[in-house]
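> What follows is each chain in one-letter form.
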Amino acid sequence: MNRLGRLLALAAVLTLGATPRGAAQGGSGSFSADAVVVTVGMTIATIQDLTFGSVPKGVATTVTPAGATAGQWQITGNPNAFVTIAFTLPTVLTNIQALPGSTMPISFGLTSALWRRANNNPAGANAFSPALGTVGRFGPPANATINIWIGGTVNPAAAAKPGIYQGTVILSLTYL
Amino acid sequence: MKRAVWLAAVLGFFLGPAGSALAAQGVMVAPHAVYIDHRVRSGSVLLYNPGTEPVEVTISTLFAYPTTDSAGAIGLDTLPADSAASALGWIQAFPRRLTVAPLERQTVRLLARPPAGLADGEYWVRLVIAAKAGTIPITGVSDTTAIQVGLTLQVRTIIGIAYRKGPVTTGVTLSNVRARLLNDTTLVTQSRLVRRGNAAFVGTVRGTIVDSTGTIRASFFTPLGVYFTMEPRIASTIAKLPRGRYWLRYEVVAEREDLDPSVVLRAPTARDSVRLVVP
Chain A
8 MNRLGRLLAL AAVLTLGATP RGAAQGGSGS FSADAVVVTV GMTIATIQDL
58 TFGSVPKGVA TTVTPAGATA GQWQITGNPN AFVTIAFTLP TVLTNIQALP
108 GSTMPISFGL TSALWRRANN NPAGANAFSP ALGTVGRFGP PANATINIWI
158 GGTVNPAAAA KPGIYQGTVI LSLTYL
Chain B
2 MKRAVWLAAV LGFFLGPAGS ALAAQGVMVA PHAVYIDHRV RSGSVLLYNP
52 GTEPVEVTIS TLFAYPTTDS AGAIGLDTLP ADSAASALGW IQAFPRRLTV
102 APLERQTVRL LARPPAGLAD GEYWVRLVIA AKAGTIPITG VSDTTAIQVG
152 LTLQVRTIIG IAYRKGPVTT GVTLSNVRAR LLNDTTLVTQ SRLVRRGNAA
202 FVGTVRGTIV DSTGTIRASF FTPLGVYFTM EPRIASTIAK LPRGRYWLRY
252 EVVAEREDLD PSVVLRAPTA RDSVRLVVP
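Line order of the protein sequences matches chains A and B.
If you're matching positions, the first sequence starts at 8 in my numbering and goes up one per residue.
If you're matching positions, the second sequence starts at 2 in my numbering and goes up one per residue.
So here's chain A without its partners, still in its complex pose:
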């Protein structure tokens, strides 16, 4: 069992432990006298942030979703279940060290994101537009995971102010 799998099982155990004594008994729990519900949860783990590092002024810099600095999540959940994968994406990044209004455009292409069942290798993953989202599917019982990668392009103007530009990407996963 991989670490995320163990953590998922832990959630179920913690759920059992959280159950008050004397509560109704279910039919499938055998871990302890408190057992009521045996169920799995869902974990979205951010494996790696999307990082562009230092970028030259006036030149577009792209991180591909299969690149070494792409953002990556691993989701563990119910085997074979479908989930919607949706993103909330920034259109500009803000310089947190400069006066307000210092921004840099960021864009995401039609194939700037990847998803793959039960395998954390982006080579061979399914490409999709993060702006449009898609429906993914957990892997089979032996590896009930989905891996997601995202890249993007930043395009600092030639007159862009130096400093740290930041933004937020939100990944939403919905059980169907």
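Treat the hints as calculated values from the structure; they're not laboratory data.
Do not take every clue at face value.
Said to hold, decoys possible - Residues of chain B placed beyond 10 angstroms of chain A at every Cβ, according to the derived structure:
1. A85
2. S87
3. F95
4. R97
5. N177
6. R179
7. Q191
8. R193
9. T216
10. F229
11. G245
12. L266
Stated by the list, open to error - Computed beta-carbon distance windows for the label pairs:
13. B:P269 / A:P112: 52 to 58 angstroms
14. B:F95 / A:A67: 44 to 50 angstroms
15. B:V279 / A:I177: 43 to 49 angstroms
For glycine and all other residues, C-beta sits at the position ideal for the given N, C-alpha and C.
Got chain A; can you put chain B on it based on the hints?
Chain B in isolation, oriented as in the chain A frame:
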């Protein structure tokens, strides 16, 4: 005290030797579906932070349910025209903002205040658990002419909540089953599923391919929820089949491995079979 010792032992087992921290950041949400009975009017969701940094969590709700598009792709309709089954206005979560410390768990309570005269049936809402784990550790820019770029990644886990009042029944009508091989090892099936009763059909689609001797050559299963009507297209990887004629046995059963059997409503199994020819 016994429970504390037991929990420590369990944590040790799951987290590995020396309590080593998980490199990834996130929050675990369990269960992934909550059923609230009208007589109890409350429920709970457990959050657990397996990481090494505190996780800020925001809780909200929305009304949505799964549907399929014309190609059979499953999606979440967040603007459904029919909101008669919505519990959005009267199921609330507490707290709405919290911080889960590393290796700690917290409980989100769900409280229902249904309107007077609510008809028997099942009502739905989705719980949105938004987690933010710190920010990207970009160090100071030593070269004042440099531009550093980083993106913070946040996650939202969206799970279903169902509120049941009075007698609830469900079932599914199966029709128009079709199957084809997309390539040697990808089986694509699709069918029309119409929910019956006054509650969502939460179950599993099972498919089995048998040859002319009745021997099972491949099988697949997919958990599925039918809230009204859908025609899900399900692609499954199977072993390559030799040339020949086969039957796909397709059934929709009211069973779920991932849910407590007591919350899965009983319903008759819907079955059908179609020919599958491998040229």
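> Confirm or reject each hint.
For each hint, the structure was consulted:
1. Remark: the non-interface label on A85 of chain B is consistent with the geometry, its nearest Cβ contact in chain A lying 21 angstroms away (cut-off 10 angstroms).
2. The beta carbon of S87 of chain B sits about 16 angstroms from the closest Cβ of chain A, which is more than 10 angstroms, so the claim that it is off the interface holds.
3. Consistency note on F95 of chain B: stated as away from chain A, and its beta-carbon is indeed over 10 angstroms from all of that chain's, at 16 angstroms minimum.
4. Non-interface call for R97 of chain B relative to chain A: holds, since the shortest CB-CB distance, roughly 17 angstroms, exceeds 10 angstroms.
5. Every CB of chain A is more than 10 angstroms from the CB of N177 of chain B (nearest about 20 angstroms), matching its label as outside the interface.
6. For R179 of chain B, the non-interface assignment is confirmed: its Cβ lies about 19 angstroms from the closest Cβ of chain A, beyond the 10 angstroms cut-off.
7. The beta carbon of Q191 of chain B is kept farther than 10 angstroms from every beta carbon of chain A, the shortest such distance being approximately 14 angstroms.
8. A cut-off of 10 angstroms between C-beta atoms confirms that R193 of chain B is not in contact with chain A; the least separation is 17 angstroms.
9. At roughly 22 angstroms from the closest C-beta of chain A, the C-beta of T216 of chain B stays outside 10 angstroms, upholding its exclusion from the interface.
10. Residue placement check: F229 of chain B keeps its beta carbon more than 10 angstroms from all beta carbons of chain A (closest about 13 angstroms).
11. Every CB of chain A lies more than 10 angstroms from the CB of G245 of chain B, the least distance being 26 angstroms, so the non-interface label holds.
12. The non-interface label for L266 of chain B is consistent with chain A: the shortest C-beta to C-beta separation is roughly 15 angstroms, beyond 10 angstroms.
13. Roughly 56 angstroms separates the CB atoms of P269 of chain B and P112 of chain A, a value that falls within the hinted 52 to 58 angstroms.
14. A beta carbon spacing of about 46 angstroms between F95 of chain B and A67 of chain A agrees with the range 44 to 50 angstroms that was offered as a hint.
15. As the Cβ distance of V279 of chain B to I177 of chain A is approximately 44 angstroms, the hint placing it in 43 to 49 angstroms holds.
Consistency note: the structure conflicts with none of the earlier hints.
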